[in-house]
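**Q** Residue numbers (the working numbering), protein chains in the order written: chain A, 1 to 414; chain B, 415 to 828; chain C, 829 to 957; chain D, 958 to 1086.
In case anyone wonders, no lab produced these hints; they're calculated from the structure.
Don't take every hint at face value.
What the hints assert, rightly or not - In the PhoX-like style, the derived pairs of lysine-lysine whose C-alpha atoms are separated by at most 20 Å in a straight line are:
#1 Lys612/B x Lys666/B
#2 Lys971/D x Lys762/B
#3 Lys842/C x Lys408/A
#4 Lys605/B x Lys587/B
#5 Lys678/B x Lys379/A
#6 Lys272/A x Lys793/B
#7 Lys191/A x Lys166/A
#8 Lys842/C x Lys410/A
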Amino acid sequence: MAAKTTTGLDVQQVRKDFPVLSREVRPGVPLIYLDSAATSQKPEAVLQAMNTYYRENNANIHRGIHTLAEEATHVYETARKKIVGFIHAPSVEQLIFTRNTTEAINLVAFSWGRHNLSAGDHILLTEMEHHSNLVPWQLLAAEMDLVLDFIPVTPEGILELDEYQKLLNCNPKLLALTHMSNVLGTINPLKEILQDAKSVGAVTLVDGAQSVPHLPVNVADLEADFYAFSAHKMCGPTGIGALYGRKDLLEKMPPFLGGGEMIKRVELRSFKANDLPHKFEAGTPAIAEAVGFGAAVDYLLDLGMDKIENHERLLTKYAMEKLQEIPDLTVLGPPAEKKGGVIAFYLKNIHPHDVAQILDSVGVAIRAGHHCAQPLHTKYNLPATSRASMYLYNTLDEVDRLIDGIQKVKDIFR
Amino acid sequence: MAAKTTTGLDVQQVRKDFPVLSREVRPGVPLIYLDSAATSQKPEAVLQAMNTYYRENNANIHRGIHTLAEEATHVYETARKKIVGFIHAPSVEQLIFTRNTTEAINLVAFSWGRHNLSAGDHILLTEMEHHSNLVPWQLLAAEMDLVLDFIPVTPEGILELDEYQKLLNCNPKLLALTHMSNVLGTINPLKEILQDAKSVGAVTLVDGAQSVPHLPVNVADLEADFYAFSAHKMCGPTGIGALYGRKDLLEKMPPFLGGGEMIKRVELRSFKANDLPHKFEAGTPAIAEAVGFGAAVDYLLDLGMDKIENHERLLTKYAMEKLQEIPDLTVLGPPAEKKGGVIAFYLKNIHPHDVAQILDSVGVAIRAGHHCAQPLHTKYNLPATSRASMYLYNTLDEVDRLIDGIQKVKDIFR
Amino acid sequence: MEDFYRELIIERYKTPHFRGELEPNDITFEDDNPACGDHIRIDVRVDENQVVTEAVFSGEGCAISLASADLLLESIIGKSIDVVKELTKEDILDMLGIELGPVRLKCALLSLKVLKSGVYGIGKTDSTE
Amino acid sequence: MEDFYRELIIERYKTPHFRGELEPNDITFEDDNPACGDHIRIDVRVDENQVVTEAVFSGEGCAISLASADLLLESIIGKSIDVVKELTKEDILDMLGIELGPVRLKCALLSLKVLKSGVYGIGKTDSTE
Ligand SMILES: Cc1ncc(COP(=O)(O)O)c(C=O)c1O
Ligand SMILES: Cc1ncc(COP(=O)(O)O)c(C=O)c1O
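Chain A extracted, bound-state conformation (with noise of 0.2 Å):
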């Protein structure tokens, strides 16, 4: 099966890019990763933005009048421009730094939600979140005594969209949901949903963990009032994520964390906020990572979104054929067409550790276990599932190398 595709897309040229693909898992094993859902591999070019940084202009950002801080300043500040280019959001003071998505959702809910819910107000989430969009609103809740309330999804793994309806007669005060689901790999039709929740006032937050690093988001076309996504699944580095707010939303937010860079002056009892988006960004911040962060940006925005994109939706079709044909294995979610480059599956009598070891022990990485979406599995009567999950640099042939493994898994077990 030739590696090439027709997408536009010169993977073996991409493949050149990371490093880590050229690496043997064991002597004679070549990795196979398909673990890009849990965290993506990182281009060579990610890597030499930060060794740049690191061996040229590291300092702490912002005040500093030395070269070295203003070039610091200066390259943490552009990172921040491309990303909110990249997201097409309006204006760079929209675009707050995080560690990660989790922690761009618990900025909100500490943020947003401790200052504008009260007792009985409800949120509306669904059941295929991700564990980082549940649990900040089950905190909360806790502590205000709100109403969590879920839109179902069909055993397909779609939304069930009437459901929705009906559970925005109950007034949600906000609605958090995935772009894209992280077990069943369904995109969401986001659009009319938040246009919906809009049109009972609800505020929107979206979780990008999975959108932003495979298709081409548009957060002002969407009107989404938060969106949420992570670096580190992207090409990006660790320890950086960002939370893009609607601005008249973030201008009226309490700080979050207090101390250095969020304040505009200080007295010993009280504090003035700095302005956006330096209000949210307490101490110094990861800027080695900011500045791997736009280089991702850079990266992919390079070989282009829509070529990505393509090229995983091949990749997604062929794998979905192949594993529908291996008997006694039950994919999950909806078909090709609905779905990104994520597949979660199981096999018959075969708990999906035992899977992920065999196949690791041909090369094969994939995830197993609930994925931080438990609920949703246990919807399904499901401990655990494996999960296969794929990225630009994957190729046809890797599938047909997980197909053989998963062969393999059914021989020992047989």
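Fit chains B, C and D with the ligands to the given chain A structure using the hints.
**A** Then chains B, C and D with the ligands, alone, in the frame of chain A:
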């Protein structure tokens, strides 16, 4: 002036480990980096550790079965062990990775503070605190109606311990103070101070942002309840810091941020928190940064913290002597014996911004401003000061260059 | 593959020798591994000298956790409770004859954790970790 | 150094030509740069044609901010308020004749910010940033 010191540290050798130190700020003007209190430079070994992680082991940690996930988990947890060893913490469960010192302090304010304090309770701070150890308590005080007390600082820059004893009569529930001032350089007599706080039943938090990089620190011996610090000030990367905590306190504290990793089990409307330290690490952590943090600790231990401390003492003593010879120049803080390598000063009739900028033109990087300690500056009636701060890679020659630079400033403004 | 899935493991997983429940019993305990949803219950009968006469397990899990439960129980029949108390992680790994990473180690040790919890009365045992 | 501290700047800092306060005045405003504690107040008098006849500043600050205040006020005397409204960051930088990083830029532009705030009535002007 020879750069070789008699402290056992081969500074010329050390300098070779830091790529940025061979940089010229502009053609013919080499960098003299005297801003390590803001952030330190990074040795090549730290960059290589992170590069190796990204090029060979990068994966998301915990729960992963494939080789890379196991390796990533291993290096992440190994880094934790190294840092635990570095500060002599009793166990790995007591060391939580945060973004920086600031987040570590906020974690305590949110999780310990909000669940252990009530209206009217006193929190005891000092007048020399960094904004990161002020604003979190201001936010909490405003929310919970707490009283903030402050141990005063003498004109010489020392805590007024008599006043401290009186303030203990208010029965503070918490004492939060810095180990070493980032402006005055004052190293507080922590052990006695903490003992006294304990004797009135106060929980203690130490801001170790400036101490852990420069002195051997033993949290067990100090008997601090919480101890916070940042990797980026101790040769490590940006984007990661740590909170050490007393085990029984951490165990009783509710989670801070909610999301992946920090849970054991999640249902739609409830969750069970994970064991320590994971309970406080929500979402994908700063994995590569932890690896870099561990490498930084290895680097410092390899050289020897006692040697580093001695070297800095020598530099500080020399710099203090030279600075005090300059007419119209005033140094803040106590004499050299009582302080670390942080020297804030001001020149009569010359604004610190102008000092910093002219010094930059001769390659000397210092900081000008309130150094995130505005109340301390207000107390001394200074809107801003200039600050030179030193680390293991600085030399006596560089101090001479600083002195020459200050002379130039004075010439220009003569 | 041979490294991880020795025939013994697959065989014991598919046709365990000590699967079942005992009512009444002298010792019973159950627990789970939240990371993967594995759940194991162990029932034990002892004679008047505190020597194990019967032991069975029930529950759900991966091949590693169920095979190690089966092998563990086989090894304790005829042993005194005091000997059972001395069992360690290494004993389990020896029985399985494979090396395991940290995640799978938890699978392999679940049955030992359950057994020890039963033997020591209730509660968590950290000694198996 | 010549780049940053042209003689003109030092001279105007040490012996400003337009330092003082005017009471009464037609336009007055003050503001500060929280990053460094600089504080500037500007007082202006205009004639019946809205042409600036007198302008002075007071306050505290670094050489860059005070020199730029002095040069700025010199440049507006005899100009109409409409012309003052059109002044930009570039005009200030041209007067100073130096290049500045982002932090010092705020120092240099403080007086323009204060002047424009006064001229436009009260409030912040973002146009100078
Ligand atoms: C004494 C002190 N505390 C806290 C901080 C805050 O550290 P960070 O910005 O890494 O959170 C600093 C450094 O700026 C400091 O010097
Ligand atoms: C849908 C979804 N949301 C949130 C997250 C959490 O991202 P992070 O761990 O980077 O905070 C993930 C990734 O694990 C995800 O897949």
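**Q** Take the hints in turn and mark each one as holding or not.
**A** Quick rundown of the hints versus the structure:
At roughly 19 Å between alpha-carbon atoms, lysine 612/B and lysine 666/B fall within 20 Å of each other, so this suggested pair holds. Only pairs whose Cα atoms come within 20 Å are accepted, and lysine 971/D paired with lysine 762/B is accepted, the gap being roughly 13 Å. About 17 Å separates the Cα atoms of lysine 842/C and lysine 408/A, which keeps this hinted pair within 20 Å; it holds. Of the pairs offered as hints, the one joining lysine 605/B and lysine 587/B holds, with about 18 Å between alpha carbons and a cut-off of 20 Å not exceeded.
In summary, the hint linking lysine 678/B to lysine 379/A is supported, as the alpha carbons are separated by about 18 Å, within the 20 Å threshold. With a C-alpha separation of about 18 Å, the suggested pair lysine 272/A and lysine 793/B falls inside the 20 Å cut-off, and the hint holds. Using a Cα cut-off of 20 Å, the hinted pair lysine 191/A and lysine 166/A holds, with the two alpha carbons roughly 18 Å apart. Distance hint between lysine 842/C and lysine 410/A is fulfilled; the C-alpha atoms sit about 13 Å from each other, no more than 20 Å.
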